[in-house]
Amino acid sequence: MADTGKTGSNPSDQSSIRATRRSVIKGVIASGVAVSAVGYVVYERSARRSAAGAVERLITLNVNGRDRRVDVAPHETLAQTVRNKLGLTGTKLSCDRAECGACTVMLDGVTTYSCSTLTHSVRNRKIITIEGIAGPNGGLHKVQQAMIDELGPQCGFCTPGQVVAAVALLNNNPKPTLDEVRRGMSGNLCKCGAYDHYLKAIMRASQEA
Amino acid sequence: MATAPTQQHKLIGKDFVVSDVEAKVTGRAKYVEDFRADGMVFCKTLTSPIPHAKIRSIDTSAAMKMPGVLGILTADDVPQFPPPAPGILAKDETFYVGEPILAIAADTEENAVAAIEAVKIDFQQLPHVVDPLESLFPGGPNAREGGNVAAGQIKLQTVKWDGADFAAAGEAKLPLGRPAEEWTYGDVDAGFKKAKVIVEENFVSATYSHNCMETRSAFAYWQGGKCFLHGSNQSHTAAIANISRYIGIKPNQLVFIAEYCGGGFGSKIPGYPNMAIAALMSKKINRPVMHHISRDEEYGIGSARPGFQGYIKMGFAPNGKITAADLYIVQESGPMPTAGDFRAAGACMSLVYQPEAMRFRSVPVLTNTIPVGAQRGPGENQFVSVIEPMIDKAARQLNMDRFDIRILNAPDSNSKFGPDQGPVTSAFLKDALAKLRTLANWDELKKKSGQKNGTKVTGIGIGQGYHSAGTNGFDGLVRITPDGKLHVHTGVGNLGTHSWASTARVPADLLNVSWDNVIIERGDTRRGLPFNSPQAGSLTASTESRTMYAAAMDMKDKLTDIAAKMLGGKPEDYELGDEKVVHKGGGRSITYQQAALKAIELGGKYSGKEVPGELNPITKSAVAMIAGSGLVAAAKDKVPRVGTTPGLTCNLAEVEIDTETGVVEIKQCMSVVDVGTVLFPLGLGHQIASGQVHGIGMAHLERHLYDAKLGIPAAMGFHEGKVPTYLDIPPNMIWQAVEKPDPQHPLGIKGVGEPAMGSGASCITSAIADALGGHLFNRTPVSGDMILNHLSGRPPAHKPLQVNTV
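Chains as they are written, first to last, in this note's numbering: chain A, 3 to 211; chain B, 3 to 808.
Don't read these hints as lab results, they were simulated from the structure.
Treat the numbers as computed from the prediction; the structure is a model and nothing was measured.
Idealized CB from N, CA, C, for every residue including glycine.
Fair warning: there could be bad hints in the mix.
Below, simulated DSS-like cross-link-like pairs (lysine-lysine); rule was C-alpha separation at most 25 Å, straight line [claimed, not checked]:
(1) A:LYS177 to B:LYS669
(2) A:LYS144 to B:LYS32
(3) A:LYS128 to A:LYS87
(4) B:LYS228 to B:LYS285
(5) A:LYS144 to B:LYS16
Away from chain B, derived, C-beta distances all over 12 Å, residues of chain A [what the hints assert, rightly or not]:
(6) VAL57
(7) LEU60
(8) ILE61
(9) ARG99
(10) HIS122
(11) GLU133
(12) LEU172
(13) ASN174
(14) ARG184
(15) HIS199
In isolation and in its complexed conformation, chain A is listed as follows (with noise of 0.2 Å):
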């Protein structure tokens, strides 16, 4: 995982907050717990060491190229916020652990695990979830179309993240070669195995202009 460049590892802003699982755990910690808007938990586990103390704060967000005011908790994680108050279920949580990447969003064009970064740390970063990939007119971006013409999904649930992960990767190095995707991908799980047509789309997409 380590050369995944996954977690708040932008080299242009070095100054932002390393939102870290640790850091997630230290913010839950310290914070105490709030009741959020829609009630989801954040770590069941760490959650409730206090039952005062943390208050939900209204924060401008830059999401998908607008403007979002959200209230949002300082233990919140990004992926909860997107997913649970700004109605971006596109983005998915199956591990809530910074191990499997179907919560990936782009910050500021790096892509990183949602589900291990605390929204208060993203508020001056222009966030790109999966629903932010398609065109402004709904056209599909060159990486989804080649995802649909190489059938790349078996299940779906990692696509998001793979979608957002693959467009970061051909932003970044448009013409990559296929050890170079599969280095770039290697922070985003699919359990149906589903690699090979990912691949093939990653590639077709990084094939057209």
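Following the hints, put chain B in place on chain A, whose structure we already have.
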């Protein structure tokens, strides 16, 4: 009977865009937790923290006073099933870490968690066991108070072997004590007597989790006396009876919504007990209830493939024919009788290798590990992974070519197998192997076997796979509406194999309907879904193309009937043109739109107001939902089928092992499959490639890990698991199909999902053995440290038959 794939098919055998893929790549596909309802509340379960215990008392008084708490469910609130069958919530006795005991609903999930933490349970810890052999040892612990052995058709009982059996066997051999099940055919002793070479080995295959990406969260609410349930399930209508049973309602009281399923692999076939918790909690507190399952919780209730501790002896005649086989399997069954893998392994030995005589013995032992169940190729795939390298060992001793020995022993369409020596509908594994030999350019490739390149050494392996791959007798339902659209109603579920879509191509093809004019009705029982096969067991492509064929033939009859009524003459004077019914003499015709309008006017069997009595009740209620809306054809699949329909596959892998690090790099894989007529090439290729990936996981990576002393699991995540990543797979996978139709299927189609993984796993274990000069680990997964220990002359880190270890 059989219709070979011919030029006349416009859709069958052709690639197409599967209509749900766009929703998957845009994030619009909605899985269970993507749904919301006004007033939705949350529930969480309290799960057992210890592997085996009596529940002496539960005190929820403090929990019920916690903020936001709305209700509680205990075992007393849910339907009971006689032990050792799996229950919904544990009553009196708990059997594994992670077993649900009670559930609490609250306005927020955090409040539910807080209330769970305030519950006090008085447990009396009982002896536990995670290794079947320990339970079989005299005086060893039982996983349940009622016994230590059970399976389907094997009642709960206590089996202890003699100390002498263990003493005689020592640590490296499986003691061959009293089995719970045994069968024999042929003269096994005589078979071994005439053998020139005997291969006798003990083996272990690891238990490991299904690790579905989507956990088994459920969301439920009630309206008008019906339970609306969103569940993650790989089957749809085949699961309704079972899910209703868990909830304690009649099947027609359940509205089941399952448009997508984020991975099942056999663990979500007929529904599962956990689904009932959201449903029953919702009923109790009269609120929509979301029951989110975390990854930790999923590990406990998310099922696993049972492991084997086994013994096999095979005799080979001088020409390589297997003269006799003696197989004994001890199965790690988890705490409930939920897996029959051991039986499937016995059948697999008998079918794939065709021994002239065979004895099979087994004992499925209960353990305090998580409940097990079917996982892609249950039994067959564990088995071939350890057996295929042994076939190579025999080939070496007989100085035979590795393809030759397999082709000699492989089944053909006249082969019999199993204790009953039952027939197969077709078997072309010999053809597949011959084709794979050509595809691989075998005579050249095999020269690379054992070649060294710096610290690396090359191995070439062949693997085979089998699973039954088709059944019959379900219902088909199609409808033409007055707008001319063909509605294909399918109740098969959406596991991700795309077979709900590929089988829908069949009626469109047979009825000459443009694919653009097809609407597939699925995913929600309110859409009128017929009783179809489970999406499991490599069944769907074969089984549901049969039901689609039945419905299409019924539709064809009704179309020509209506044409005769409208235009005169007899039905047989008419044939189907492009979305119209045409008089064979030319000229006169009616469009499908006209036929649909006429059907509504005619009513009766034409509009679905009357249905054949032989249809399943689920199909009848589906037809009732759409009756009067067009021309309706509902028919039961009655095309005869005698024997097992086998899907058979073979794979070849080239690997390179780094002798300094133990890293196995898979350089290339290829596969040839005997799946009858190819229905959807792109989808078939996807199953083959993903089968290879799953096979790599089984052969090389995935396993459970338990602390035997404490009974606590230690591999509860994807990377601890450990599932394959992009970096574990070969750069390119190629495949071919034998393309010989199955004669007992109207279109010749057989399935592929499971065998594709078995051959994918066994080609890797064979290749690793080949790279190491034929060394047999007799264990899956073959991990890097096992390879390193072997190469450096150190003993393995585990005892020979130890399980749930690295």
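Here is what the structure says about each hint:
Distance restraint check for LYS177 (chain A) and LYS669 (chain B): the Cα-Cα separation of roughly 23 Å lies within the 25 Å cut-off, and the hinted pair is therefore satisfied. For the hint linking LYS144 (chain A) to LYS32 (chain B), the alpha-carbon distance of about 22 Å falls within 25 Å, and the restraint holds. Annotation: proposed proximity of LYS128 (chain A) to LYS87 (chain A) holds, straight-line Cα distance about 17 Å (limit 25 Å). Straight-line distance between C-alpha atoms of LYS228 (chain B) and LYS285 (chain B) comes to about 10 Å, which keeps the hinted pair within the 25 Å bound.
At roughly 24 Å between alpha-carbon atoms, LYS144 (chain A) and LYS16 (chain B) fall within 25 Å of each other, so this suggested pair holds. Under the 12 Å C-beta cut-off, the non-interface status given to VAL57 (chain A) relative to chain B holds; the minimum distance is some 14 Å. Chain B leaves LEU60 (chain A) outside its interface by the beta-carbon criterion, the shortest separation being 19 Å against a cut-off of 12 Å. Consistency note on ILE61 (chain A): stated as away from chain B, and its beta-carbon is indeed over 12 Å from all of that chain's, at 20 Å minimum.
Its beta-carbon lying about 7 Å from the closest one in chain B, ARG99 (chain A) breaks the requirement of being farther than 12 Å from that chain. Its beta-carbon lying about 18 Å from the closest one in chain B, HIS122 (chain A) satisfies the requirement of being farther than 12 Å from that chain. Not every Cβ of chain B is farther than 12 Å from the Cβ of GLU133 (chain A); the closest lies at roughly 6 Å, contradicting the non-interface assignment. At roughly 14 Å from the closest C-beta of chain B, the C-beta of LEU172 (chain A) stays outside 12 Å, upholding its exclusion from the interface.
For ASN174 (chain A), the condition that its CB be more than 12 Å from all CB atoms of chain B holds, with the nearest at approximately 17 Å. For ARG184 (chain A), the requirement that its beta carbon stay farther than 12 Å from each beta carbon of chain B is not met, with the minimum near 5 Å. With a least CB separation of 6 Å from chain B, HIS199 (chain A) falls inside the 12 Å interface cut-off, contrary to its annotation.
Against the hints set out earlier in the document, violations occur for numbers 9, 11, 14, 15.
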